[in-house]
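Trainee: As a plain string of letters, each chain reads:
There are 2 protein chains.
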Amino acid sequence: MNYSVAEENYIKSVYHLQQQWERVSTNHLAEALQTQPASVTDMVKKLLNKKLVHYEPYRGVKLNSAGKKVALQIIRKHRLWEYFLVNTLGFGWDEVHDVAEQLEHVNSSKLIEQLDRFLGHPQFDPHGDPIPDKQGNITYRERLPLIQQPNGQLLEITAVGDESPALLEMLKHHGIEMGSRLRLLRSFAFDGSVEIIIGKAKPTIISQALAGCLFVKWIGYDE
Amino acid sequence: MNYSVAEENYIKSVYHLQQQWERVSTNHLAEALQTQPASVTDMVKKLLNKKLVHYEPYRGVKLNSAGKKVALQIIRKHRLWEYFLVNTLGFGWDEVHDVAEQLEHVNSSKLIEQLDRFLGHPQFDPHGDPIPDKQGNITYRERLPLIQQPNGQLLEITAVGDESPALLEMLKHHGIEMGSRLRLLRSFAFDGSVEIIIGKAKPTIISQALAGCLFVKWIGYDE
DNA sequence: ATAAATATTTAGATTTGCCTAAATTTAAAT
DNA sequence: ATTTAAATTTAGGCAAATCTAAATATTTAT
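Just so you know, the sequences run in chain order A and B. Our numbering puts the first residue of the first sequence at 464, with every later residue one more than the last. Our numbering puts the first residue of the second sequence at 464, with every later residue one more than the last.
No incorrect hints appear here.
Simulated restraints, written as ranges between beta carbons of each label pair:
| id | chain 1 | residue 1 | chain 2 | residue 2 | range |
| --- | --- | --- | --- | --- | --- |
| 1 | A | Arg606 | B | Tyr603 | 50 to 60 Å |
| 2 | A | Glu494 | B | Asn570 | 16 to 26 Å |
| 3 | B | Lys532 | A | Arg649 | 55 to 65 Å |
| 4 | A | Thr504 | B | Asn570 | 22 to 32 Å |
Pairs of lysine-lysine residues, derived as DSBU-like cross-links and limited to a Cα-Cα distance of at most 30 Å, are as follows:
| id | chain 1 | residue 1 | chain 2 | residue 2 |
| --- | --- | --- | --- | --- |
| 5 | A | Lys475 | A | Lys531 |
| 6 | A | Lys475 | A | Lys509 |
| 7 | B | Lys508 | B | Lys532 |
| 8 | A | Lys475 | B | Lys573 |
| 9 | A | Lys573 | B | Lys573 |
| 10 | A | Lys475 | A | Lys532 |
| 11 | A | Lys532 | A | Lys513 |
| 12 | A | Lys513 | A | Lys475 |
| 13 | B | Lys573 | A | Lys597 |
| 14 | B | Lys573 | A | Lys635 |
| 15 | B | Lys531 | B | Lys514 |
| 16 | A | Lys680 | A | Lys531 |
| 17 | A | Lys508 | A | Lys531 |
| 18 | B | Lys525 | B | Lys597 |
| 19 | B | Lys663 | B | Lys680 |
| 20 | B | Lys635 | A | Lys573 |
| 21 | B | Lys597 | A | Lys573 |
| 22 | B | Lys680 | B | Lys635 |
Worth flagging that the hints you see were computed from the coordinates, not collected in a lab. Beta carbons: idealized from backbone N, C-alpha and C, even for Gly.
Kindly produce the complete structure, drawing on both the sequences and the hints.
Mentor: The structure is reproduced here in structure tokens:
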């Protein structure tokens with residue numbers, strides 16, 4: 464099967480919104496796709512005809528297993544291209560989204576498999592999100608909100624919350640990147656900021672907003 | 464300015480057909496684009512509105528300088544992607560056309576400049592066709608039909624006439640590739656076949672059809 | 001439980017890129 | 001110089017993906 468760019472974008476959006484809501488509403492989709500609710504209703508009916516979604520009028524939409532499969536392949540392409548743009552072509556990760564958004568719709572299984580091989584079968588994209596494999600399997604990895612972790616823990620950055628230039632600038636300033644290790648020292652009730660040690664540097668305080676964008680896994684208490 | 468995929472394909476086709484005919488006819492364009500003459504007339508009017516072509520009804524169409532500029536950038540993208548597919552991802556050059564046809568429409572100047580840098584600013588694509596630079600300048604290179612060259616000349620392959628799997632297979636069999644050196648010994652009146660020495664191998668005879676697909680530059684008479 | 005507010009769908013249009021069939025223009029042939 | 005053939009354009013329509021405005025369903029609040 465081959466789907467139009469518009470169809471692929473709808474499928475991808477439903478997939479992402481489903482991570483948060485069981486049934487995805489028309490308005491949410493319209494918001495995510497920057498389009499009108501009426502247009503969403505139209506397209507959802509087309510996806511229903513193509514047997515990619517469950518849908519009942521007024522009740523929201525949900526990918527069925529065929530739809531999920533399609534979504535995972537689009538996401539695979541998107542994230543492989545992001546990895547390529549950052550690691551091969553030297554893009555910053557705040558610059559890759561729009562380009563990957565276009566590249567993900569290029570249709571060639573040979574292209575994507577050769578790209579995957581060239582890149583060394585990466586498992587995670589530059590933002591820490593997992594890259595589904597050819598079969599659609601995802602390697603999950605701890606992705607715990609930094610806020611809420613117990614003090615003293617040695618942690619490793621596994622993902623970031625958004626891909627804005629502003630966040631990237633902030634992280635660069637602190638010398639934080641994917642895989643960085645840090646220790647959570649304490650948090651302040653006043654403004655929700657937290658004190659951390661990044662690598663072997665001196666303790667620093669980062670804002671609640673910044674901390675809220677960081678996801679980690681546990682490494683242990685010991686140095 | 465930003466052009467649709469359909470518009471870009473028309474512009475590119477006009478450019479290529481212009482290499483052969485001063486004014487490009489509606490039927491030729493329709494043939495090249497696998498579409499109907501009436502559709503061509505429609506689109507040509509749109510390109511006229513966008514001031515990319517000269518056009519008079521019944522008289523054919525021709526890119527103006529703005530149109531040429533656009534065409535060269537599309538061709539630049541197409542050929543850079545072909546180079547990438549062959550040299551980085553290991554495609555055969557008979558497999559690249561359709562994929563490059565899609566990739567050439569991805570819109571990001573940063574992408575194409577970084578790709579160009581990553582590839583080392585190649586000047587020729589895998590078929591020997593020149594890659595226009597960012598400004599649209601083309602490095603020309605001798606591209607003489609093998610047939611018609613004087614006997615005894617030492618020649619180097621600079622381009623091939625088509626990109627079919629069949630031609631690639633044939634060339635592989637003879638050990639001919641871009642940059643191969645060969646000497647033309649003689650041609651046979653009977654079927655137009657020619658006898659050549661490829662590199663330091665023994666003389667072989669290749670068919671007129673094959674010879675007609677090869678383009679060369681002169682290196683000299685001496686060994 | 002009913003009214004008000006919100007969400008969703010339907011109806012009818014628009015744009016892009018394409019089509020077929022008919023009309024028109026240009027080129028070729030007698 | 002007409003007639004015939006070929007090429008091109010015009011007219012009218014269609015499908016995909018979108019829109020606005022109006023109608024309908026659902027949810028929330030009184």
